[in-house]
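Going line by line, the protein sequences match chains C and Y.
For the first sequence, the working numbering assigns the number 428 to the initial residue and increments by one for each residue that follows.
For the second sequence, the working numbering assigns the number 428 to the initial residue and increments by one for each residue that follows.
A hint or two may mislead.
Computed footprint of chain Y on chain C, listed as stretches where at least three residues anywhere in the stretch have a Cβ under 8 Å from a Cβ of chain Y [claimed, not checked]:
id: 1; stretch: 472 to 480
id: 2; stretch: 501 to 512
id: 3; stretch: 770 to 780
Hints listed in this document are in silico derivations from the structure and should not be mistaken for laboratory results.
The C-beta atom is built at its ideal place from N, Cα and C for all residues, glycine as well.
Protein chains: 2
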Amino acid sequence: MRAEPDRLRFEITARDGIARTGVLHTAHGPVHTPAFIPLATKGTVRGLEAREVAGLGYEMVLGNTYHLFVSPGPERIAKAGGLHGFMGWDRALITDSGGFQVFSLAHGGVANEVKGSGRKGDHGSVVSIGEEGVRFRSYRDGASLFISPEVSMQVQTALGSDIALVFDECTPFHADRDYTARSTERTHRWLDRCLEWHEREGPARQAVFGIVQGGVHEDLRRESAEYVSAAGVDGLAIGGTLGRDKAEMREVLGMTAPMLPVDAPKHLLGIGEVDDLLAGIALGLDVFDCAVPTRLARHGVALVPDPDNRFRLDLRKSGHEGDRGPIVDGCPCPACQRHDRDYLSYLSRAEELTAVRLLCLHNLTYLQELMTHARTAIGDGAFDSYSAAVLGGAAPWST
Amino acid sequence: MRAEPDRLRFEITARDGIARTGVLHTAHGPVHTPAFIPLATKGTVRGLEAREVAGLGYEMVLGNTYHLFVSPGPERIAKAGGLHGFMGWDRALITDSGGFQVFSLAHGGVANEVKGSGRKGDHGSVVSIGEEGVRFRSYRDGASLFISPEVSMQVQTALGSDIALVFDECTPFHADRDYTARSTERTHRWLDRCLEWHEREGPARQAVFGIVQGGVHEDLRRESAEYVSAAGVDGLAIGGTLGRDKAEMREVLGMTAPMLPVDAPKHLLGIGEVDDLLAGIALGLDVFDCAVPTRLARHGVALVPDPDNRFRLDLRKSGHEGDRGPIVDGCPCPACQRHDRDYLSYLSRAEELTAVRLLCLHNLTYLQELMTHARTAIGDGAFDSYSAAVLGGAAPWST
Numbered sequence: 428m429r430a431e432p433d434r435l436r437f438e439i440t441a442r443d444g445i446a447r448t449g450v451l452h453t454a455h456g457p458v459h460t461p462a463f464i465p466l467a468t469k470g471t472v473r474g475l476e477a478r479e480v481a482g483l484g485y486e487m488v489l490g491n492t493y494h495l496f497v498s499p500g501p502e503r504i505a506k507a508g509g510l511h512g513f514m515g516w517d518r519a520l521i522t523d524s525g526g527f528q529v530f531s532l533a534h535g536g537v538a539n540e541v542k543g544s545g546r547k548g549d550h551g552s553v554v555s556i557g558e559e560g561v562r563f564r565s566y567r568d569g570a571s572l573f574i575s576p577e578v579s580m581q582v583q584t585a586l587g588s589d590i591a592l593v594f595d596e597c598t599p600f601h602a603d604r605d606y607t608a609r610s611t612e613r614t615h616r617w618l619d620r621c622l623e624w625h626e627r628e629g630p631a632r633q634a635v636f637g638i639v640q641g642g643v644h645e646d647l648r649r650e651s652a653e654y655v656s657a658a659g660v661d662g663l664a665i666g667g668t669l670g671r672d673k674a675e676m677r678e679v680l681g682m683t684a685p686m687l688p689v690d691a692p693k694h695l696l697g698i699g700e701v702d703d704l705l706a707g708i709a710l711g712l713d714v715f716d717c718a719v720p721t722r723l724a725r726h727g728v729a730l731v732p733d734p735d736n737r738f739r740l741d742l743r744k745s746g747h748e749g750d751r752g753p754i755v756d757g758c759p760c761p762a763c764q765r766h767d768r769d770y771l772s773y774l775s776r777a778e779e780l781t782a783v784r785l786l787c788l789h790n791l792t793y794l795q796e797l798m799t800h801a802r803t804a805i806g807d808g809a810f811d812s813y814s815a816a817v818l819g820g821a822a823p824w825s826t
Numbered sequence: 428m429r430a431e432p433d434r435l436r437f438e439i440t441a442r443d444g445i446a447r448t449g450v451l452h453t454a455h456g457p458v459h460t461p462a463f464i465p466l467a468t469k470g471t472v473r474g475l476e477a478r479e480v481a482g483l484g485y486e487m488v489l490g491n492t493y494h495l496f497v498s499p500g501p502e503r504i505a506k507a508g509g510l511h512g513f514m515g516w517d518r519a520l521i522t523d524s525g526g527f528q529v530f531s532l533a534h535g536g537v538a539n540e541v542k543g544s545g546r547k548g549d550h551g552s553v554v555s556i557g558e559e560g561v562r563f564r565s566y567r568d569g570a571s572l573f574i575s576p577e578v579s580m581q582v583q584t585a586l587g588s589d590i591a592l593v594f595d596e597c598t599p600f601h602a603d604r605d606y607t608a609r610s611t612e613r614t615h616r617w618l619d620r621c622l623e624w625h626e627r628e629g630p631a632r633q634a635v636f637g638i639v640q641g642g643v644h645e646d647l648r649r650e651s652a653e654y655v656s657a658a659g660v661d662g663l664a665i666g667g668t669l670g671r672d673k674a675e676m677r678e679v680l681g682m683t684a685p686m687l688p689v690d691a692p693k694h695l696l697g698i699g700e701v702d703d704l705l706a707g708i709a710l711g712l713d714v715f716d717c718a719v720p721t722r723l724a725r726h727g728v729a730l731v732p733d734p735d736n737r738f739r740l741d742l743r744k745s746g747h748e749g750d751r752g753p754i755v756d757g758c759p760c761p762a763c764q765r766h767d768r769d770y771l772s773y774l775s776r777a778e779e780l781t782a783v784r785l786l787c788l789h790n791l792t793y794l795q796e797l798m799t800h801a802r803t804a805i806g807d808g809a810f811d812s813y814s815a816a817v818l819g820g821a822a823p824w825s826t
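This is chain C alone, in the form it adopts within the complex:
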């Protein structure tokens, strides 16, 4: 770990088994952990103003370097005072490296849907992947663009995030062991190039998180965990494929998390389902980002305390006509406080923007409540029973 408290200080405030609460002290204020981080993919959390996201209690959002690199471009954002100034967000900000998106273009199978993008088929294409970096075509105008460890760091410097993520190859699920091994080694060389560039030219107050790769292979994950831990990063993220299903994901996480330095802040990339968040917290992970709550909202799906249906309620399905109840009893969000399932299901089927917005507010409230109450439970030494209650169908705020 680099010891530069000005840049990022992670304070662990309570422990309950391996789970812990903490505070990430960033250049733009504290982030209480465990924390869920909403995506502000293209400089906005879908349908919400920055002040509203803060109003929900969120202390950090994640900006997507790939999308912002393609449009409006780093120069324009730098001139606006960085992504903070551009989007009017004065709390903490983390940016990804662009790696996930460009490798999704190349590999296809990394994600069913490139994070945060609502349209399919407009993601451009990858022209070449090499040691130097990745060349791809802009989905916007077909222009040839190049991204490398140095370019990624440079763009993230322009974005001025409080935490930058290193440029890595997000190995796909279908990659074999040999490919994953070679890819992980390249990711490590890229990590060094990122840190070298950042040490020389990065902003003094921007922290850098390394990314642990290695696919589903224990030895590769261990090798990667050791390499990244020794590299002098401010925190660690777990990336790449975690397996074909939830069982394998839990297994890979269960073996990888203990390989990371206990006291470092740990970010689990791209995971945000209710049960997965609880599993991650139990493993001592601190920060989680995911497109799920806002993507579900776009498709008319609300988070509910229903473990048998993956905590989801599809409001576009029939059966909600005349239902005078809220999405979830006791939920403090504006959708639940002011509207019933009857109206929300109609609005969702009519594809009204108001529905997307109300469901975004609901889903983000739901996860924020989950994290807030998880933190309280950890402080009370009661995380296991809290987790069991939620997994058993309790609302996040009801225990």
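Since the structure of chain C is provided, determine the placement of chain Y on it from the hints.
Frame of chain C; chain Y shown alone:
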């Protein structure tokens, strides 16, 4: 006029020439006039929650009978406590008759775009128009639907609006004098059927406005104004084509408005551009509804004090990059208070929901400010100079 103060009382509070201020006392509270009425086409003002529309100061919204008839249907809305209960709006509500939309299907040329619908080509089709009513196919599922004066009143009764509009034929611009004359006569017979049904079965506290047709023809407009005025309605609306361009529209309005009873509340249907609102107010009209502010928002266009560009600023055009100014200096809306043109133009081009929402908030704030200040100016006997200032490029709130 029917004298049932319980249903609707219109109180004129000040006069300045022909312009006047007033209060429409409805079963759901007062509406201060002159008033602009946002469209809640499908049970929501685009992208906004009902509480937010009230927060902007609006006291009445307009629901579209045609759209709500097709989906979710009057029975479901009635069970929710009417449109007020369904959408969570506790202030005044006016509903149109469905006539404008079904005749748009039939005539094509009535409107460039059917009010409030974002998609083209999904408006269904008209099967037959007769004395009894209009048969058409649902754009939703192709089902055969029938709307008549009685059905329209019945649906509006289910919606429970404070003001219902009678079912009329909205004659298209390209209709000739003979067609318009015959159509206007049928509209009058439909008016009688509407009132007859409503007298017998309509809610006691729902007011009914008649609609004056007659196209661009002075004698037909006069005949219609006399017929509707004598029919025992609670207020009058001016409908139908007002001509090929703004000059002809002003001419038709200028001759029609004085034909209406001075003390009746008067609604100008479907008109909402800044200069047209001021012209309407000068003619003693009280209430205006229009899709323009929300439709423009969807297309990235903001209202600005720029008479040479029809008071519009297209944020999707280039030229706003790096512009650190708000859409309009001094505008109290959240878009102008918190964001600059640089960011808003990027968001609009990226087609982010947040942009549509922020521009809706801006455009509706702009028109609300225009109406609020117009009312103050009328109270001060200074409407002409206020109007001249705004038409000369002053912001609505700056004089």
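Hint check:
1. Using a Cβ-Cβ cut-off of 8 Å, 7 residues of the stretch 472 to 480 of chain C lie near chain Y, which meets the minimum of three, so the contact claim holds.
2. Check on the stretch 501 to 512 of chain C: 3 of its residues sit with their Cβ under 8 Å from a Cβ of chain Y, so the three-residue criterion for coverage holds.
3. As drawn, the stretch 770 to 780 of chain C meets chain Y at 7 residues by the rule of a beta-carbon pair under 8 Å; at three or more, the given contact holds.
Taken one by one, the earlier hints all hold for this structure without exception.
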